[in-house]
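Protein sequences, first through last, are from chains A and B. Taking the numbering used here, the leading residue of the first sequence gets 1, the next gets one more, and so forth. Taking the numbering used here, the leading residue of the second sequence gets 1, the next gets one more, and so forth.
Rather than coming from a laboratory, the hints here were simulated on the basis of the structure.
Counterexamples of contact, computed for chain A against chain B with all Cβ distances above 12 Å: (1) Glu-31; (2) Ala-44; (3) Arg-138; (4) Glu-150; (5) Ala-214; (6) Leu-348; (7) Asp-362.
Have a look at the derived ranges for each label pair, beta carbon to beta carbon: (8) A:Asp-283 x B:Ala-110: 28 to 36 Å; (9) B:Val-184 x A:Glu-310: 45 to 53 Å; (10) A:Thr-178 x B:Gly-153: 32 to 40 Å; (11) B:Val-184 x A:His-99: 27 to 35 Å; (12) B:Ala-231 x A:Phe-121: 48 to 56 Å; (13) B:Ser-224 x A:Glu-310: 55 to 63 Å; (14) A:Glu-347 x B:Arg-103: 42 to 50 Å; (15) B:Arg-182 x A:Thr-178: 24 to 32 Å; (16) B:Asp-84 x A:Glu-310: 55 to 63 Å; (17) A:Ala-350 x B:Pro-22: 54 to 62 Å; (18) B:Gly-153 x A:Asp-276: 27 to 35 Å; (19) B:Ser-169 x A:Gly-122: 29 to 37 Å.
We put the CB at the ideal spot given by N, CA and C, even for glycine.
One letter stands for each residue in the lines below.
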Amino acid sequence: MTAGLYGSYGGRYVPETLVPALDELEAGWDEAQADPAFGAELEAVGATFAGRPTPLMLAERFAPPRRIYLKREDLLHTGAHKLNNAIGQAVLARRLGKHRIVAETGAGQHGVATATVCARFGLECVVYMGSEDMRRQRPNVERMGLLGAEVRPVEFGTRTLKEATSEAIRDWLTNVETTYYLLGSCVGPHPYPAIVRELQAVIGREAREQILAAKGRLPEVAVACVGGGSNAIGLFAGFLDDAGVRLLGVEAAGAASLGGGRTGVLHGARSSLLADADGQVLDAHSISAGLDYPGVGPEHAFLRDSGRAEYVSATDDEATAAFRRLAETEGIIPALEPAHALARAAELDAQLILVCLSGRGDKDLAEVLGR
Amino acid sequence: MRDEREGGHRAKRLAIFLVCGPETPELASAAVAGGADLVELGFPFSDPLAEGPVVRIASEAALARGMRTAACLECLAATRARVDVPLVPMTYASLLEAYGYERFAAAARAAGASSLIVVDLPIDVHPELRRIQLVAPTTPSERIRLAGERTDGWLYLVSVTGTTGARDSLSSRLPELVERARAVTDTPLHAGFGISTPEQAAAAARLADGIVVGSRAVEVAESSGAEGLRAYVASLRRAIDGQTAGTALRE
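Kindly produce the complete structure, drawing on both the sequences and the hints.
Given below as structure tokens:
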């Protein structure tokens, strides 16, 4: 097995039952990639439904004298970058003839994005969500309901994203011949990390063009928050070959699977995890439901080891402070997830900084105001 | 006892799955007394993708009681001291990543294991690790052939698409899976997942060379202890032996 490896990370660690489905997915993805009609459809849906390209904005008052450019994925339809991936995979599911979609969600952003594209394309949608996250992210649960999705609470273990992901995979395992698993981050067995990365790479491609147009040069640092790591890998993808651009991922301090993890296997891939010495996965803890995940995409583990990207963390308090500061200085209420990236960006020793503002913060008001 | 079965007409093998815990040696002994030919010992993992609710909850409980890899290996050795049937640890890759694949296999052998099952290692991942391979109704015949070549002694037929746990009826897909497997491999076939009643056991044993019963055995052990487990396993044994003899045996 050499496909789907990032160094020694990634791969396929799944029950044999799923291997043919992953083969089918990989073949379908390769065909779609080679088909100009697929790219054209994504572009058209992106432009007319999602709101692409998203703007790049200079935030002058947030952390002067630094010039921080925000890639405004918060302005995407449904309020987060998750829609990029959901659209691409829904179109792929349709090409594969699958009309039932299952997904996991943490903060609810991927669940909402999936419910949205299922409504748009007429697909049946089941979303698994931890009951603790359903409590924290009530508005997103209600959105999914309005969009016609069935939200199934996951009532065991941590009752958060980790368990919701396991349960979505178990549903897929059971209904594998009729169901498409629309995984929301660059995690999971091959080819998911590659698919999600490619579908999110639009962030980095656009941002690179936009900052060149605006400043005539590349940023010194590109910063993004990392839970599973999909907005970060999408942003980084645009700059991986630009050796002069530092790539900085910011994890939640209580969910630092790259900063404090060890190698293990979770949800079908070998990667860096919060795990104990016996390989048992530990609970993550973050104010941000979207970063509250003990694993991370295998490509991030590889980028960390190779030194191409660096990974640091921000605490709940630091993220909350950045959340408030962006609202007060720039008129933008960010999601708590990218607030982690903003917290570290604000103290970087650099002048020209690019930050992926991966989502908007309406969903987090209760959490922040309740502190 | 084991040799007698293998040599005689009672060739249908009965495997019982238990999750490692302090009571497991006694439970395994009861299962063997009831007629089990093989005991699978679950080394619990925090995120077991292929497990239904019963094994998942039992795994959580075992982990909460400290059943980490070292304790599970001790449990295996203690079970080995009490029974003489093959013992097969069944676990997930993350435990082997942490312990080392070769080191894990060697430690398990030293503690008395006769083989190993790793639920989330497909046939072509870590091919150097000698283990019992699993195939499912979705597995193409070509991969079943490969699994048959690589497997350690017998092939585990996952008779359903889905997780472990009792079902109302035996999977309708087992006959086709057995037929496809027979066409490409001579290795013995043991059917598992979704087999819980003596009737299902008999029906599965009519097709395969052996059966594996997990979730219901875990439940019975939990609710009725060693004696209850012995009686339950004996009911499975009678059902599949009656089957071999061509008699319909009812509980």
